[in-house]
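Guided by the hints, dock chain E with the ligand onto chain V, whose structure is given.
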Amino acid sequence: MSTPSLADFADEARAFLDAHATPRASDGAVVWGEGPDRVTYFSDEPFEVEQANVQAARDWQRTRFENGFGWITGPKQYGGRELSIAHDLVYDGLEAGYDVPDTGVISLIGLGMIAPTMLAHARPEINEQYLPAMFRGDAIACQLFSEPNAGSDLANVQTKAVRDGDDWVLNGQKVWTSGAQHAQLGMAVCRTNTSVPKHKGITTFLIDMSWEGVDVRPLRQMSGGAEFNEVYLDDVRVPDTHRMGEVDDGWRVTMTTLLNERASVGGEGAGPATRPTSRANLLAMLKATGRDTDGGVRRDFARVIADQAATEYLTSQMMRRARAGDLPGPEASVGKLMFGQNLTRIAHLAAEMTGPRMLADTGDWGTFSWNELLLGTPAFRILGGTEEIMKNILGERVLGLPKEPA
Amino acid sequence: MTVLDTEARAAVAESLRDVFADDSARDLAARLDELGWDEVVNEDPETATTMLFIEQGRALASTSLLDDVVVGALDPALTGHGVLYPSFTSVGAGVLLGPVDDLERVLVPDARGVRSVPAAALELRPLGGFDRHSAWQVVVGALPDGERVAGDWVAAEAAGRRAVSAEIIGVCRAALDLAVQYTRDRRQYGRPLGSFQAVRHQLAESYAAIEAAASALSAAWTVSADPALAPWAARSAKAKAGSAQDVVLRRTVQVLGAMGLTEEGPMHRFVERGATLDQLLGSHGQLVEQTGRDLLTGTPAHPVVQIWEDTP
Ligand SMILES: Cc1cc2nc3c(=O)[nH]c(=O)nc-3n(C[C@H](O)[C@H](O)[C@H](O)COP(=O)(O)OP(=O)(O)OC[C@H]3O[C@@H](n4cnc5c(N)ncnc54)[C@H](O)[C@@H]3O)c2cc1C
Numbered sequence: 034m035s036t037p038s039l040a041d042f043a044d045e046a047r048a049f050l051d052a053h054a055t056p057r058a059s060d061g062a063v064v065w066g067e068g069p070d071r072v073t074y075f076s077d078e079p080f081e082v083e084q085a086n087v088q089a090a091r092d093w094q095r096t097r098f099e100n101g102f103g104w105i106t107g108p109k110q111y112g113g114r115e116l117s118i119a120h121d122l123v124y125d126g127l128e129a130g131y132d133v134p135d136t137g138v139i140s141l142i143g144l145g146m147i148a149p150t151m152l153a154h155a156r157p158e159i160n161e162q163y164l165p166a167m168f169r170g171d172a173i174a175c176q177l178f179s180e181p182n183a184g185s186d187l188a189n190v191q192t193k194a195v196r197d198g199d200d201w202v203l204n205g206q207k208v209w210t211s212g213a214q215h216a217q218l219g220m221a222v223c224r225t226n227t228s229v230p231k232h233k234g235i236t237t238f239l240i241d242m243s244w245e246g247v248d249v250r251p252l253r254q255m256s257g258g259a260e261f262n263e264v265y266l267d268d269v270r271v272p273d274t275h276r277m278g279e280v281d282d283g284w285r286v287t288m289t290t291l292l293n294e295r296a297s298v299g300g301e302g303a304g305p306a307t308r309p310t311s312r313a314n315l316l317a318m319l320k321a322t323g324r325d326t327d328g329g330v331r332r333d334f335a336r337v338i339a340d341q342a343a344t345e346y347l348t349s350q351m352m353r354r355a356r357a358g359d360l361p362g363p364e365a366s367v368g369k370l371m372f373g374q375n376l377t378r379i380a381h382l383a384a385e386m387t388g389p390r391m392l393a394d395t396g397d398w399g400t401f402s403w404n405e406l407l408l409g410t411p412a413f414r415i416l417g418g419t420e421e422i423m424k425n426i427l428g429e430r431v432l433g434l435p436k437e438p439a
Numbered sequence: 147m148t149v150l151d152t153e154a155r156a157a158v159a160e161s162l163r164d165v166f167a168d169d170s171a172r173d174l175a176a177r178l179d180e181l182g183w184d185e186v187v188n189e190d191p192e193t194a195t196t197m198l199f200i201e202q203g204r205a206l207a208s209t210s211l212l213d214d215v216v217v218g219a220l221d222p223a224l225t226g227h228g229v230l231y232p233s234f235t236s237v238g239a240g241v242l243l244g245p246v247d248d249l250e251r252v253l254v255p256d257a258r259g260v261r262s263v264p265a266a267a268l269e270l271r272p273l274g275g276f277d278r279h280s281a282w283q284v285v286v287g288a289l290p291d292g293e294r295v296a297g298d299w300v301a302a303e304a305a306g307r308r309a310v311s312a313e314i315i316g317v318c319r320a321a322l323d324l325a326v327q328y329t330r331d332r333r334q335y336g337r338p339l340g341s342f343q344a345v346r347h348q349l350a351e352s353y354a355a356i357e358a359a360a361s362a363l364s365a366a367w368t369v370s371a372d373p374a375l376a377p378w379a380a381r382s383a384k385a386k387a388g389s390a391q392d393v394v395l396r397r398t399v400q401v402l403g404a405m406g407l408t409e410e411g412p413m414h415r416f417v418e419r420g421a422t423l424d425q426l427l428g429s430h431g432q433l434v435e436q437t438g439r440d441l442l443t444g445t446p447a448h449p450v451v452q453i454w455e456d457t458p
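Quick note, the sequences are listed as chains V and E, same order. The opening residue of the first sequence carries number 34 in my numbering; numbering runs sequentially from there. The opening residue of the second sequence carries number 147 in my numbering; numbering runs sequentially from there.
Same shape as in the complex, but just chain V:
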């Protein structure tokens, strides 16, 4: 089958979407007081509601996949269509006009960070086994990187992997693992050599979260969400086939994931916060709260919109390159930094507009839910590498400043 032209592909996508989803009522215009007003990035829904959301995400991802839109740019052997980034972007643009379930729980980490890492570093038979399942929505993947003593200093991981015949035996504790409670797969960064500099003794593995010895315990966030977890690994046996990259060369594998993460936070990364932080929604809020005549608020609003536009362009360029298989460089830190700062400022602008109502659960549409975002935004300044670390990277790797004394 030859590559469809963009126009033909768009027709095909439209036909698919019309058959399986409802167009959004209005194209981006926001009617204040109508529709959902949740703004949390991290789910703080009751467990059953969250389960239902995850199921809806899986169902929608399967529908996409079965109709040829699940992995537009992916290799055919793993269920992809091997089309161009342009096709991918066309689809994204069209789908945005429809009311479809949010699939962030599947796409942000699993499809956005771990799948590209697997393509680059895992064995073909492992990719065959897992990638189609991931893109079909069956296998959600999580990132088993951080540990109690390895946060910013990730290369300090202590979780041990010891060779035993054709297997490895993993022991250790991971922490802050987003989505582990829903995950079938995890990418674990482990210590395999203690007699070399820390970056040179790391090996990465893909593990099945249902294997014996994997124990997931939820941690609650202050925004209310029980989104991240502790994961204990206790004598978990991992076949050597599940190793990604060479033994002791896992830092390179890990960096593939991290660079994809920095590029994607800020792209699709806003998740459910995309709608409420959109220009249309902020504008509607400005009018609804009667603050549209306040010069100070108008100026803040305009600044936020300008910054958002700049950040969106930057991250879309970066995503485009990342999807083309071109690993983003240290400059990806700029996008992450800008995104985090924008979100913080938007939350404060919203606080300024809604006033103190934000603090109480008054049930008013569009007000209290914002404080979830206010409590949730600090997370963006931490996850995927903290703001301070992003600045260090820019200072040292991009600007070439001397390193801080160690």
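Everything hinted at is true.
Label-pair distances were calculated between CB atoms; the ranges are:
| id | chain 1 | residue 1 | chain 2 | residue 2 | range |
| --- | --- | --- | --- | --- | --- |
| 1 | V | T326 | E | D248 | 42 to 50 angstroms |
| 2 | V | V330 | E | G182 | 45 to 53 angstroms |
| 3 | E | A159 | V | R353 | 54 to 62 angstroms |
| 4 | V | A85 | E | S361 | 49 to 57 angstroms |
| 5 | V | P181 | E | S170 | 33 to 41 angstroms |
| 6 | E | D331 | V | T36 | 54 to 62 angstroms |
| 7 | V | A85 | E | R271 | 24 to 32 angstroms |
| 8 | E | E351 | V | H53 | 48 to 56 angstroms |
| 9 | V | R250 | E | S361 | 40 to 48 angstroms |
| 10 | V | Y346 | E | E410 | 35 to 43 angstroms |
Among chain V residues calculated to face chain E with C-beta under 8 angstroms, some are:
| id | residue |
| --- | --- |
| 11 | L252 |
| 12 | R253 |
| 13 | M255 |
| 14 | E385 |
| 15 | P411 |
| 16 | K424 |
Just so you know, the hints here were simulated from the structure itself, not pulled from any lab data. C-beta atoms are modelled at their ideal positions from N, C-alpha and C, and glycine is treated no differently.
Leaving out everything else, chain E with the ligand in the frame of chain V:
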């Protein structure tokens, strides 16, 4: 004018910490009586009030001590009444510091002054929302009628603002202590976090913001007896404390990394309490705006200027 010397203050602070840490059945008033608190207040009201509320903030205690300050400034004869604080939510007539079980009457400020209404007639609902650990209640439904009481709400509000400022300072100091301890102990890249300039600068900025707020509060106390200046100065102090909590808590959360964001750690409680106290008796945003409006309409000069001129 402060009377207590440094040593005496340290002793008082320690006793107050014990009072707030005491989780026995005896109520707070009984514990403070035991301490002979009234005497301390009489001897040095500024130090006593400020220390009491700083410790309340540190302990994240949710009490009705503020009512006593506000009512005391309004008319000491009314002591024992509750206070309905102007609403900062879009529902309800106002906020109470706790349930009204022990209260007979509640004082309600309005445009014409203050009236006293029967507590039993109020319909309450927990404030909920942001700070789930406070005992605060929202009064919903219509307010009952009540008789007018004498007393100057403007002065009472100023006294309340000085107390809440101290409480916010207490919240901030405890959060900063926590962050300092954490960044001393935790190591990354083989060094304590506190040895990275990016981290220490955030802690130093926090310290500076707290000290500025504390100094604005001391300045407010120097004019507390002057009916013309006290309200201005108390408003400035409260605005300064409110903006300090914004500066301090954003930074202390950041330097804790993910630990600052989880409910497993204590930091989130300071964030929630700080933001909620900022709203009580006017947020820093509102107070600064109000001051701007007053200046434009020709209300007398900013009191801090006055203070500088008056202080030898
Ligand atoms: C919501 C959320 C979701 C997450 N999801 C995942 C996940 O799915 N999987 C996973 O593995 N991890 C996850 N993380 C963990 C995240 O990667 C770490 O929190 C992050 O790398 C920081 O590590 P830390 O929390 O240990 O902070 P620390 O490294 O202890 O840092 C504390 C403070 O010190 C500063 N600091 C540290 N080193 C330096 C330095 N050299 N110079 C200047 N300042 C410095 C930091 O910037 C920060 O302000 C998540 C975190 C959050 C908040």
